[in-house]
Every structure is written in C-alpha cells, then in structure tokens.
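There are 2 protein chains.
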Amino acid sequence: MSQDSPVTSRATDYSQWYLDVISAAGLADYSPVKGAMVIRPHGYAMWEHMRDDLDRRFKDTGHVNAYFPLFIPVSFLSKEAEHVEGFAKECAVVTHHRLRAAEGGGVEPDPASKLEEPLVVRPTSETIIWHMYGQWIQSYRDLPILINQWANVVRWEMKTRLFLRTSEFLWQEGHTAHATSAEAVEETKKMLGVYADFAKDMLALPVVPGVKSASERFAGALETFCIEAMMQNGWALQAGTSHFLGQNFAKAFDVTFQTQEGTREHVWATSWGVSTRLIGAVIMAHSDDTGLVLPPTIAPVQVVVTPIWKSDAEKVDVLAFCAQVVATLKPHGIRVKLDDRDMKPGAKYYEWERKGVPLRLEVGPRDVKQGSVFAASRTGGKKESMALEGLAATVRAKLDTIQADLYARALAHHEARTFRPESYAAMKDALDGGGFFLVPWHDDAVAEAKIKEETRATIRCYPIDGQAEAAGRTCFYSGRPATHMAIFARAY
Amino acid sequence: MSQDSPVTSRATDYSQWYLDVISAAGLADYSPVKGAMVIRPHGYAMWEHMRDDLDRRFKDTGHVNAYFPLFIPVSFLSKEAEHVEGFAKECAVVTHHRLRAAEGGGVEPDPASKLEEPLVVRPTSETIIWHMYGQWIQSYRDLPILINQWANVVRWEMKTRLFLRTSEFLWQEGHTAHATSAEAVEETKKMLGVYADFAKDMLALPVVPGVKSASERFAGALETFCIEAMMQNGWALQAGTSHFLGQNFAKAFDVTFQTQEGTREHVWATSWGVSTRLIGAVIMAHSDDTGLVLPPTIAPVQVVVTPIWKSDAEKVDVLAFCAQVVATLKPHGIRVKLDDRDMKPGAKYYEWERKGVPLRLEVGPRDVKQGSVFAASRTGGKKESMALEGLAATVRAKLDTIQADLYARALAHHEARTFRPESYAAMKDALDGGGFFLVPWHDDAVAEAKIKEETRATIRCYPIDGQAEAAGRTCFYSGRPATHMAIFARAY
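Keeping their order, the protein sequence lines are chains A and B.
Residue numbers for the first sequence follow our numbering, so the first one is 1 and each next one is one higher.
Residue numbers for the second sequence follow our numbering, so the first one is 1001 and each next one is one higher.
No lab work stands behind these hints, which were simulated from the structure alone.
The model shown is predicted, which means the values in this text are computed figures rather than measured ones.
For glycine and all other residues, C-beta sits at the position ideal for the given N, C-alpha and C.
Don't take every hint at face value.
As the list claims (entries may be wrong) - Negatives, chain B to chain A, calculated, CB over 12 angstroms: (1) A1045; (2) A1320; (3) A1323; (4) A1408; (5) A1412.
What the hints assert, rightly or not - Dumping the calculated DSS-like pairs for lysine-lysine here, alpha-carbon to alpha-carbon at most 30 angstroms: (6) A:K59 x B:K1344; (7) A:K59 x B:K1200; (8) A:K315 x B:K1059; (9) B:K1355 x B:K1344; (10) A:K355 x A:K383; (11) A:K383 x A:K315; (12) A:K189 x B:K1330.
Turn these sequences into a full structure, and let the hints guide you.
See below:
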C-alpha cells in the first residue's frame, strides 16, 4: 500500500490491517536483508519513550547498564545443553573476516580469512555474559551483580512480521547474579512486576502475569515468568519474560563464589527482557480502522496544532496565536508540533490521525478571537473548545483522560474475551473468535502438544493470581485432577 | 594488573598507564572474542552521559533517530567504488544461518544453510541507508532527511586497544539527504560545530576543527571535516568526523528527486559520527598517575560521601548526617553516592579516586557537630570545609570549577605543545616529544606518504581557523608555495 492509501479494515483482514497501520504511520519498512526491518523515525521515537521509561525503572530498582560483544564463539553456545538446543538452530554465523575482489566483479569472502572458530551473532547473551561473570565474581562481596544491556539481537526467522518477529530486533536483556536461590527468584518476580507496571502505565496495556509451562520455557531456565497481553482479535502476545535460571549457567561456565562461611558455591542467575515487539503490541491493542492510535505516554507527538486560514491577514493572526499555543504547552513537557504547511486542513487531519497523535488543536480566525482552540481527540468523542488561559493544564488533563480511556477500553476488551469454557470441545468451538480461555488443567506436555496441533492454541501461562481456583477441580482436557489454572490462546 | 595494583606512571610507560587506568576504574575488559571489548558499568555510564547530551544536541538541530539493519548485502558495498576499497577489506562476513551438531560434539555451521549472498556486519551504514533513501525520496518535499542512528559497528582490527580501536564499537552515525550541495555543506559544518562544542562543554577537551587531506578522507567522501584533540603525551586523537559526500551515494544507489522546477536531480549527502573512542580520549586527556580523572559532566558519580566513625554512637550520628547531605544534593540533579561500607576510609578514598569521582565529601563526628563536610577535589588543591546550609549550590559551583579547570589545563597543554617548526628537520627532531606541528604545506599525497613513512606523523588536518596564514609562505617540506597550513602529529 502507498502511504496515502486507506487502511484495510480490521474486519476485512486483520493481518493486512496491521501492516497498513504501520505503513500509513511510517513506523517501519522491510529492508533488503531478509526479515530485517528498518525502524523509521516515528516508530523509533515510540521505542525511545519506552526505553527511557524502562531504563529509569531498571535504575530505580538498582540496576546498571553495560555492553557485551555482539559475537559469541560457537563453542560457548554448546556449554549449556538446553540453551544450545533452543538457540543454535537458526542464527547468523560469521565465518570470515575479510572480503576480496571476485572474478567477474564484486566482492566475496576471502578464503584466507576464514575464522578458526566461527562466531554467532548473539541471539541472546547469557553465554558471553556468564563467561565474563566468571572473571568478575570471586566472593559474596561481588554479589549481587545487577546488569542490564540495551542491544540488537539476531534470530534467523523464516516467517517474519514487522516488529512482532524479525530476524534482527532491539531489546534489553537483564542478567543478574545472586548468592542465593531465594534472592534470584525474588529478582525474577520483581522484574516481572516492573514489566507489568510498565505495560499498564506506559502502554495502556492490561497484562496477565504468569508462569510458562515447561514446554514454553526459555532454553536453560528452571522457570519462565511472562506477561501476556490480548490483542484486538483476541490473540495473545507475549510482552515480556523473566527467567529464573537456577545455577545452570554458573555450572556451564564454572562460576563460583566464596560464601561468608568460606565455602564455595555456584552462583544463582536470572535474565529478563522486552523488545521492539512491544511496538507491535501497542499497535494491535489500540489502533483502529483509520490507523495508529497511541497512548500519549509514548506518542512521539502528543499534540498537533493545525492552523486554518483563508486570507493572508487571517494567516498572520492565526499563526501568531498558534505560536502562543505552542509556547504555552512546550515548557510543561508536552510534545507539541505546529503543522503550518500550506495544505488543506483535512489532509493534515488525516495524516496526523494515521500517525496516532492523541490530540489535535485546530485554530481558526474565530478561535483566535475567542482566545481558545478547538480540540479533537484521536480516540473520538465531541470536539471541545479549550481556552488559551490554563491550556497546559487542560491539555495535560485531556491527555491523561485519553491514556486512562485507552487502558479502560483494553481492559474491558480483555475481560469480555476471557472465557471459561466448560470443556475442550467448547474451547475448540470458540477459538476462531479469539480470546483467552481460562481452564483447570492437569500439567502434561504431551496433551499440551496435542492441543496445539489440533487447535493452534498454546498455554500462554499459568496466571499468578487465581491458581487457588484449581484446587479440587478436574482438567478440562483429561479429566484428571487439575494441577493449575491455565490460559490457552492463539498467539503471535 | 589486578584491580588493586597501583597504576603505572605515565613517565614509566604511557601505554601501560592507559590500560592500568581503565582496569583500576573498572571501565572495560577484553572479551573472549578477539578485539571485542566489554564495556563495564562505570565505563558505560560515561557513555550514557555523552550519548544523552549529544542526542539532545542532535534533536535541537532538527535531527531524528531511526534504526537500520546490522547486516548489509556484500553487493551493496561494491556499489560505491571508493567506499568498497575503504571498508570491504576487514569486516565480519555472515555466510550461514544455522548451526548443526558436529561430529565429535559441539556445533558447526550447517552447510545446507549457506546464504546465497553473504552479508557483511555493518562497518558503517551509508550503503544500506542510501538504498532505503532511494525508496523514501521522490520529490523536493521529502527533503531534507535528517536522520541519526545509535548503533554498534564492526571493523575487523588486527591491532586493538580498549576504546581506541576495537573490532566492535558503539557510535552514532548521522546520514542526511539534501536538495542542494550548499545545504549539505552547511550541514557538514554545522555538525562539526556540534561536535566541537560537545567536546569542549562535556569532555573538557579543546579540539582543532579542520579538514582532512585527500589521503585521510572517508572512503566515498568529497571532503572530510574532523576535530582533533591532543592527548597528554602530545599524540593526536581524531575525536569526530563529518563528511560531505556530494552525490556519490545518491549516484551509486540512484537516488534522485523531482525539483521544484520539475527536473530530476541526484540528492546531496552528508554523514557524521563519533564513537566510544571518545571515552579513550577523555581518559588520556585528563587522568593522572593515581588513575581516572573525569569532567563532572560525564562522571557517573560526581560526589561521593564517605562517613568516618570510631564508636557505634558516632556511626549513628555520622550516617544520619550523611543521609541529610545526600538528600540535600540529589534533588538538584547532582549524582551523589553514599559509601557506607564497613571498611577503612583510606581504602575508600583510593577506590573512588581511581574511579575518577570529581568530589569527595568526608563526614566525621567533628563535621557533624559543625554542620559541615570536608571536601576533597579529585584534581587536587586544599581540602575545604563546606556548610550543609547551601551545600547544593556550593557543590555545584565546585563541580563547575573542576570542569573549567580541567578544560583550562588541557587547553594550556594543547597550546604549549603546539609547535611551529622552522623546517622538516626541526619537526623530525621534536616529534618524539609529542605535540602538534603547525606548518605551511604544499598539498601533495606523495610527500605526505613519505613523511608518514619516515616519521610516523600524519597530517591531522588543515585547521579551519588560520588558513590565511599560508598565503605567501613556502612549504616546510618541499619549499614550494604553501597551499595550506597543516597540523602534523603522531596519532592514535
């Protein structure tokens, strides 16, 4: 679709709608490298707001940032048995360090530059980081280590989808080292809480915090915690994970510490991450058939001011007033943009709506006379007049309302489409309509795989809240005693 | 060296001193991947302060951030003839996208996953970005494009040195597209100015803005501008570059636009960047034989508060007072840390001095009684008592003084060691002592190469200020009429 084409409606084709929203807002493009995307400025600015807020939350909880190498020797991957199973399969492998002129033009890898040991472009950094931790950790005094890294990672994906699944993506990965199991488990849960709060406060996204079943666990983890969000079509999207790694990586890389009592023990580990797929989550949770809808917290432009004039005399007055509006809002940290391009107001409205700007302030000659602006919310409702006097507070309140409304709307949707099917058959019947299916479940990887095969639904998580409900109930699938309450859903 | 060993003195071994300072401050480590470093939290925090400040300067001058893929198809490199010469030589080449179990254990690249076209890990992103610009630019209305990217890049280096030359490093690369040559040249110079201001304000680093000779130009540029800084041993360090690329990349990737007059023309380009090597520049410009010295602007910790007590009763009072000190400074944006570890004050002082903390506030029982702290500057001078009342302002003023002193000291050194040798022989005699050698020069690549071979000195730049001085003078090397004033120096 071209940047001016209308967006396909959700009802017509949900998948195409998603791509159209991205294109119409100018968020990302596919690149000439298979499965790798270009994050365009409007999309990247969303990421910057997410990143800055998360970074602050990480620092407030005692974490610091560092940077580890992009390349990992292949032998490192093999050191943790499950990890290599999970990550060695599809990854980018560097085998040469030089190009040479090719016969017939162009360049090619120089055979003389073949590496003794190939390098993998990091799909995740546990192995290289635990190698380094082995050098840094000697005693209990060196613990805990609470390090986070903002980085790009590569996982060679065959079937890609902008933001949701691309061969390269941006993320943060926290990697912490602790003296005790209890402390590591506490860290794992704490960071899950940070993610859940972030999703609610910044993305206006209600999420279910839970635990993954064994088959959905991170390769090398003892326990994977996650937050699961519901998209408008009722599909699930894993929005963040936090892993309790036990002593697996400490053992693989032989990282021990001297305890206060003088004994030597292996270190306990966690890792946790969120990625640019959150941008996809926000798009799919809030946008509509016109295009992108953004929570004000992460909107690159929160307020656009659009002047309207006919005569040159009007133009002078209107633009002067618009400048006043901008000067009023900016010092209050409101991200405001004046669109004074010489084009029809309707075309401007269309463009900014598709870019998801939460609030538009129209300024015509009549508004100037009244000393006010005419405000239109991206989320709808009646347009309203706002006085220039006290405008910053009025606008701030309006943005807060939009933010709260988006969350309330998403939460209502989430609740309305969380079902408690009486039976497996009932879930199968309802699955095409989307939604989360909360059921009593007897933990069983074989049955889980069978259900996935039959329905394309997977266990998204065992929600942390509400597990008590499983007591005394029978599994909706096998009839055996329930071990958990589980959420099944189709997922991105 | 271990983290507790003393730092080698500059006089004894300048190169070892540099590595010792890094190690003693815990800034970076070598990694198991050849030539790739790990930036440790204290070093990374310095980078964060640099990055945030630069990012603000870029945004204030109208730039936005975006993100382009890590991988570049090898054929792209070949499209710009000079560019491929400069960058195809030593780079990481991805040839496979999957590993498989190897006979005898471990994993190896799966031959079945060989890529049709190898990918290069970006050494710089002109080619992939100009490919994308080709899709985004149709008309003069799409111009200018003012995009910056924060990213990691890889250049396979044989001889590495922490921060200064590593196979992977972090940087920003600005890539702009313009309708006219004049506008692109203006952008090139503007960004050079941004770098020079940043170096002065944030790094306390005096720099010489200049133009590179043809042989030192960026591969693919018509003109390369740079800022050159002088290290304490008198060697030069290129601290940032800004390139006017003309229409080279637009032609290589066939990027044209429709002008206002309806004709089609190739787009004009610039690119500009600074990297984590700036951390190396800061270390070498300001540190001393004790260890790291940091300008307060980029110091991860600006003020450390060190309590001193003997009895438990004293400890309670002293720690309560220290908490007040921290609570007084923090709200003013001063990065303050309380070191209440149970160890000898002297050992703490030593540790924080080596970490480059600009100001230490000692608090003992007597200070508590007097309602004051005892302040020691990392840069020396008499310790002074500072009252708790008004402490934030006193500390801020002190930090500003330290910052100004560092710049003044570096500038004095820079000026004292900028020489105007009468002859080539005089420069050769003086070169081992280090310094910048400002001479009248007749532009000549052959002579330049010969001087480099004989003396290891290169033309750092033709300084922008002072070119008029060349008029009527003769080249210090050839005796021919001078075309430029040139700075020769040995360089990192």
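*Numbered hints the structure breaks, given as an ascending list*: Checked against the structure, the only hint that fails is number 1, while the rest are satisfied.
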